[in-house]
Structure formats: C-alpha cells, structure tokens
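The task is simple: from the sequences and hints, build the whole structure.
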Amino acid sequence: MTASEYRQLLTATMDRLDMAAVDAMVECFAQAHAQGATIFTMGNGGSGASASHAAGDFLKGASYGLENRFKMVCLNDNLPSMMAIANDIGWDDIFIEPLKNFLQPGDVVIGISGSGNSKNVLKAVEYAKTKGATVIGMTGFKGGALREMADISIHSDAMDMEVAEDIHMAVFNMVKKVMMARLMGDSPSMGGTYDARVNP
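The sequence shown: position 14 = 14 (the numbering used here), numbered continuously.
I should point out that these hints are in silico values taken from the structure, not numbers from a laboratory.
Just so it is clear, CB atoms sit at the ideal spot from N, CA and C, and this is done for glycine as well.
Don't take every hint at face value.
[Said to hold, decoys possible] With a Cα cut of at most 20 Å, we get these calculated EDC-like pairs of lysine to aspartate or glutamate:
# : residue 1 : residue 2
1 : K131      : D151
2 : K142      : D18
3 : K129      : D92
[What the hints assert, rightly or not] Quick list of simulated restraints, FRET-style, between CB atoms:
#  : residue 1 : residue 2 : range
4  : Y64       : R7        : 18 to 24 Å
5  : H53       : A181      : 16 to 22 Å
6  : F102      : H53       : 17 to 23 Å
7  : L59       : N199      : 22 to 28 Å
8  : M19       : R69       : 23 to 29 Å
9  : S81       : V22       : 29 to 35 Å
10 : D195      : P80       : 34 to 40 Å
Right under this line is the structure:
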C-alpha cells in the first residue's frame, strides 16, 4: 500500500461513517455533561491510547473555563491498578474491576475495540449495561460483539486497524468541537500560554 492509497481508503471510510450515530454520541455527551455523569473510556493497544487521548482532551480542552466541567475517566490510565488486576485476577478483568468502584446509573461507558471482540472490553460493557449506563461502542472490521451490544455504535467500515484508529479519534474530535462550540462559543480560549503560541 502507498501513502496515497491509504489516504483514499481513509477518505472512503470516513465518507461511509454513520453521522446519525455521531450526532447521537454528541447528545449523549451533552446529557452526561448536564447531569454531572461520568464518561469512562477503555481499549487495548492503540485503542487504549485513543481512550486516554480522548479523556485528556475533554478534561482540559472541552472543560477549560467552564464552571460545569466534563467528568471523564480512562480506565487504562491507572497502570498499577491495571497490572495488579491482570496479575492477581486476570487480563479479562482489567476494565470491569475499576468500573465496579465508580460506575453509577446514567454514566457513559465507551469501549474501543478494532475487532469488537476484545474480552476485557466486552466484559466491562456487559457489566455497564446491567448498571444502567449508556454504552458507546467504537469498532472496525466487522464490528464483532461490541457493535451489537452498544447503545450507540461508531463503526469504521474497513478491514484495516489503522483506519479504525484514525476514524475513532476523528469522531472524538468531532464531538469535542461540537461541545466546545455549544458551551464556549466559536472562539474558546485554550489557556493564555496556548493562545499566545498560536496567535503570536
């Protein structure tokens, strides 16, 4: 594959993205923000990096200057806890166990899995549904079990993991930009030193 071919695949996949599902995700975030609910993210490998990236963006970029801020937790980010669970209980429990500490009815749980079949993600999602949480599934390939279990399905319709990762982060950025525009207006400040760097 060439770089141009990858760009073509990514563009074609983005064109097939279900924007109604993205709009539903926006409204889910808006409701969580208004109600003070917590949004949890999780994933393995690159999907875990996306989960952490998204949480960081909403804790700072989409919250800066607001009295009512987003509450967003990436279940990948407490490494000592994750490794203790993996070592003492099992890898399939690394996400469900911390959810048991924090999850409340009305919270949002976002599972990110390229295959849609990652056991540790599915186990946490199944638990979340029993506790009255809204589940957002972000998948690629054929979507797997996660696509069927999710209340809102963000699916990258391509048999390519890198494209799925790009689509997932693009969707997080879409949701972030919409929420920032709603809550902060068209020209939000990201912080004094940031503003000075980008507008010297």
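Do the hints match the structure? See the list:
no.	hint	verdict
1	K131 / D151	holds, 14 Å
2	K142 / D18	holds, 15 Å
3	K129 / D92	holds, 17 Å
4	Y64 / R7: 18 to 24 Å	violated, 32 Å
5	H53 / A181: 16 to 22 Å	holds, 20 Å
6	F102 / H53: 17 to 23 Å	holds, 20 Å
7	L59 / N199: 22 to 28 Å	holds, 23 Å
8	M19 / R69: 23 to 29 Å	holds, 27 Å
9	S81 / V22: 29 to 35 Å	holds, 32 Å
10	D195 / P80: 34 to 40 Å	holds, 36 Å
When the structure is compared with the earlier hints, a violation turns up for hint 4 alone.
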